[in-house]
Structures are given as C-alpha cells and as structure tokens.
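Q: Using the hints provided, position chain L relative to the given structure of chain D.
Protein chains in written order, with our numbering: chain D, 1 to 175; chain L, 1001 to 1288.
Mixed in with the good hints, there may be bad ones.
[Claimed, not checked] Quick list of the computed label-pair ranges, beta carbon to beta carbon: (1) L/1243 - D/153: 13 to 23 Å; (2) L/1011 - D/18: 31 to 41 Å; (3) D/93 - L/1245: 48 to 58 Å; (4) L/1065 - D/88: 21 to 31 Å; (5) L/1011 - D/92: 11 to 21 Å; (6) D/18 - L/1199: 51 to 61 Å; (7) L/1049 - D/11: 42 to 52 Å; (8) L/1245 - D/92: 47 to 57 Å; (9) L/1213 - D/9: 28 to 38 Å.
[Claimed, not checked] Covered stretches of chain D (chain L as the covering partner; in silico rule of three or more C-beta atoms under 8 Å from a C-beta of chain L): (10) 48-60; (11) 72-78.
[To be verified] With the C-beta cut set under 10 Å, the calculated list includes, among others, these residues of chain L facing chain D: (12) 1005; (13) 1014; (14) 1054; (15) 1124; (16) 1193.
For the record, the hints were derived by calculation from the structure and aren't laboratory data. All figures in this text were calculated on a predicted structure; none of them were measured in a lab. Idealized CB from N, CA, C, for every residue including glycine.
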Amino acid sequence: MNSKFGIGNIFQFVVFVALQILLMDNLVIFGVGFCFIYVGFLLFLPIQLNRVFLLFLGFAVGFAVDVFYDTMGIHAAASVLLAFLRPLVLNLLTPRDGYDTGDSVNIHVMGVRWFMAYTFLLLLVHHTAVFFLETVSFAEAGHTLLKVLVSTLFTGVVMVILQLLFFPSKRATRV
Amino acid sequence: MRNLFAFIYRFRAFLVFVLLEVLCVYLIVRYNTYQGAAFFNSANKYVGQVLEFQSGVTDYFRLASINSTLARENAVLREEVLQYKAMAQLDSTRQLDTTYYAPSDTAQVLPYILHAGRVINNSVRRTNNYLTLSIGTADGVQPGMGVIASNGVVGRVKTVSEHYATVTSLLHSQMLLSAKIKRDNTFGTIKWPGGDYRTAQLEYIPLHVNPVKGDTIVTSGFNTVFPEGVMVGTISSVKKESDKSFYTIRVKLSVDFAQLSYVYVVENPHQDERIKLEQNAGILTDEQ
Chain D
1 MNSKFGIGNI
11 FQFVVFVALQ
21 ILLMDNLVIF
31 GVGFCFIYVG
41 FLLFLPIQLN
51 RVFLLFLGFA
61 VGFAVDVFYD
71 TMGIHAAASV
81 LLAFLRPLVL
91 NLLTPRDGYD
101 TGDSVNIHVM
111 GVRWFMAYTF
121 LLLLVHHTAV
131 FFLETVSFAE
141 AGHTLLKVLV
151 STLFTGVVMV
161 ILQLLFFPSK
171 RATRV
Chain L
1001 MRNLFAFIYR
1011 FRAFLVFVLL
1021 EVLCVYLIVR
1031 YNTYQGAAFF
1041 NSANKYVGQV
1051 LEFQSGVTDY
1061 FRLASINSTL
1071 ARENAVLREE
1081 VLQYKAMAQL
1091 DSTRQLDTTY
1101 YAPSDTAQVL
1111 PYILHAGRVI
1121 NNSVRRTNNY
1131 LTLSIGTADG
1141 VQPGMGVIAS
1151 NGVVGRVKTV
1161 SEHYATVTSL
1171 LHSQMLLSAK
1181 IKRDNTFGTI
1191 KWPGGDYRTA
1201 QLEYIPLHVN
1211 PVKGDTIVTS
1221 GFNTVFPEGV
1231 MVGTISSVKK
1241 ESDKSFYTIR
1251 VKLSVDFAQL
1261 SYVYVVENPH
1271 QDERIKLEQN
1281 AGILTDEQ
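Bound conformation, chain D alone (with noise of 0.2 Å):
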C-alpha cells in the first residue's frame, strides 16, 4: 500500500527542495549548525522502493540542491551514498518480525527509538561526506568534525518535527 512511488512524493521533492533553497539556506546555526532538510525527502520514502531507483532518486535530488547552492557534485555524491546505504541500515534495524507491508517511515508506526537510530546514523554519514567533500582536505578536521556534530543534531531534530506534524498516526505504536 505504502511501498509505491506516488505523486506524493513528487510533491515531497518539490517541497523539500523549494525549503532547503528559499528557507534553510538562511537559518544557520552559529555558523556551525546547517539543516539540510532536503534529505528528509529520501528518509521519509517507501521502505520497500527498488534499490537503483532509490539511487537515481539520490542523485537528483542531491543534484536540484548542488544546482542552487553553486557546489557542483558535493550534494549530489553525498546523496548517492546515502541512497545506497538506506537499505542496509533498514535491514541492519530490521524489527523482530521484519517489515510488513504497509510499514514506513513513520515515528508513530516505527517507534521513537527506531526512528532516531534511522535518521541520525544516515544523517551523520551524508553531513560527514558533504562538509569533508567542501574541504577536501582534512587541514581543519576539528572545525568541520564540529559543523558535522551540531548540523546532524539540527537536522535530525527538524526532521523529528517535521514527523510529529506532519506524518499522521493511523496505526497504533509498534514498539
């Protein structure tokens, strides 16, 4: 039921994209603290979507941000890597008995614990590959390991919000 890629998420895309360009691309934190909110399109897809796809799917998405943000492949490489290591940290967080078909990304359905352990492992990887790859070198890594710490923290917590508000509770909680 919930495992199709719909007009919803193209909307998603379109919405998550036009937030990050005209909104979070102002809000930073300390200058340390960036929300790349954009990822939350990739996170909140159907759980079972096919692998190559959801690469694709990366790819432009990370791609409409790169475009936008003038740094040419950073987003987009960050995204990818992301995409490819989406299925593997689901399996890795697989419940006692597995997934069931209309099960998504969803605080309410997943539980609180799963869903923290989701979002903030594949954030951290993604925020790691975006601000090592704007480097390139590891001159400064304390400074960037620090931009890496406190942005994964502010997105993770938008993306907590985004789910409370957002994303409705049908079934009752799992855990």
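A: Chain L alone, transformed into the frame defined by chain D:
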C-alpha cells in the same frame, strides 16, 4: 557470458552507485577547475529566475537599509566629482604648448568601466561562498572580471549567462587577492581562512616592515582584475611567530558580505593588451 550478465545483474545496485559517485566526483572536479561554460549553476536562466523571485520578496524587508546604502554612496560619488573638478582646474599640463607637452598615463584616458548589478543570491557561511548577480553578458559582463561594492572588494566573476552572473566571493577558500598596505606600499596576498566572514588574512608580509593595527589595506593593481587602491579592509591584529618568516596579520574586511545589495562589476578596457604584453614577456606563465 551468461555468468557475466548474471553477475552484473546481481550487483546492479552497487554498480549504479559507483557510476553515480564517479559522475559526482567528475562534476566536483570539473566545476572547481573549469572556469568556462559550466551550465548547471546559479547563472543558469531558470535557476536565476527562481533566485530573483526569492530576492524580490526578501528585498522588501531590506528596502530601508538599501536606500541608505545608495544614499551614502551617492554622497561619496558627489564628493569625488567635486574633487575631480577641482583637480581639472589645477592640472593644466595638457594645455601647455607643444614644446613642453607632458603625455600623461594612458590609464587615465581610458578608465575602468563599472557595471552596476543587484545581488540576487549570496552566502557567507559556507567554506566556498558565491554570489549571483542579475546582470550578464547582455550588460557587458565577462568571466574573470572583478567585482567591488561601494566600500570595498567583493570577488571575481566566475561564469556568465545572458542575464545573470555567478561571482566567486572573496570568502572562498581558493580566492587569492593581491593587496598592499596603503601606508608603505608593501604588498602581500589576502586570503580568507574560513570561519568568521568579517575577517581575512594578509599573508607574505616580510618581517622587516612594521605593519600596525589600523593600517589600511587596498588592492595593489598588480593584476588586471581590480583597479589600484580599492579598499579591502583594516588590520585588526599583527602577530610575529618565531617559526615563520612572515607576519600573521588579520584583516577586518571593509565590506559586510551579509549586507550586500548592489555591487559593481569592473571592466578593464586595457586588460587584453596588458595580459598579452606580460605573456609575451614571459612574466605571466599561466592564467591565474
């Protein structure tokens, strides 16, 4: 053969992943080195339209500060016009008779041309910052031209489309700017080390000169991008480190990059001639 296809099919996700990552790395490398006709950037027509719409909305909230900047700039220009008028009256060498004709510097005859442009996209907090301007080739902007604001140096044009231009900001990890200390003409290089967007570093100032806090830093005019004497900033701290043969100087930039609204693209009509001369003489070995 069948086994090969079976193998490829089994690992298709991984292979697509590797292919896409290679494509990304290619894009990163190409965009960083190739200055010419990069298509997918904020100078692109459609991207430019979105950004222009965005700044169209946000500009309303900044109208007051933009007006005051323009008014201040008008005042400065007016002042300068008056100065030139006074100078023209004093300087009468060109009207002397043919015996004592003193040909003046050709740079005075053909001055730099300024193209005013509105900033429609700007960033200050990334490692590599860029601006987008709403002027392009239609207004005479070409890649490589310098960009200044009313109070100092801003950056250098990277790519241009018909109506938009992308500018590498001074706040870019690979941007170097030839500058000098105004008081004693010692020249060095301005580089932004990242972090705070109000301060940059002045490098390669040898230890025998005496820079002091508050000294003015201006462009040197040694490259063809910026006119000589455009304000860069003032020295905010000078440190002498025992293991280095140059001072460590921090410079407070005169331009507040977070507040940019209108900038000027500098066109140097003599640029081609000068670059050709310097290349023929073997001084310029590569394109900078």
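Q: Please flag the earlier hints that this structure goes against, numbers listed from lowest up.
A: 1, 4, 6, 7, 9 and 12
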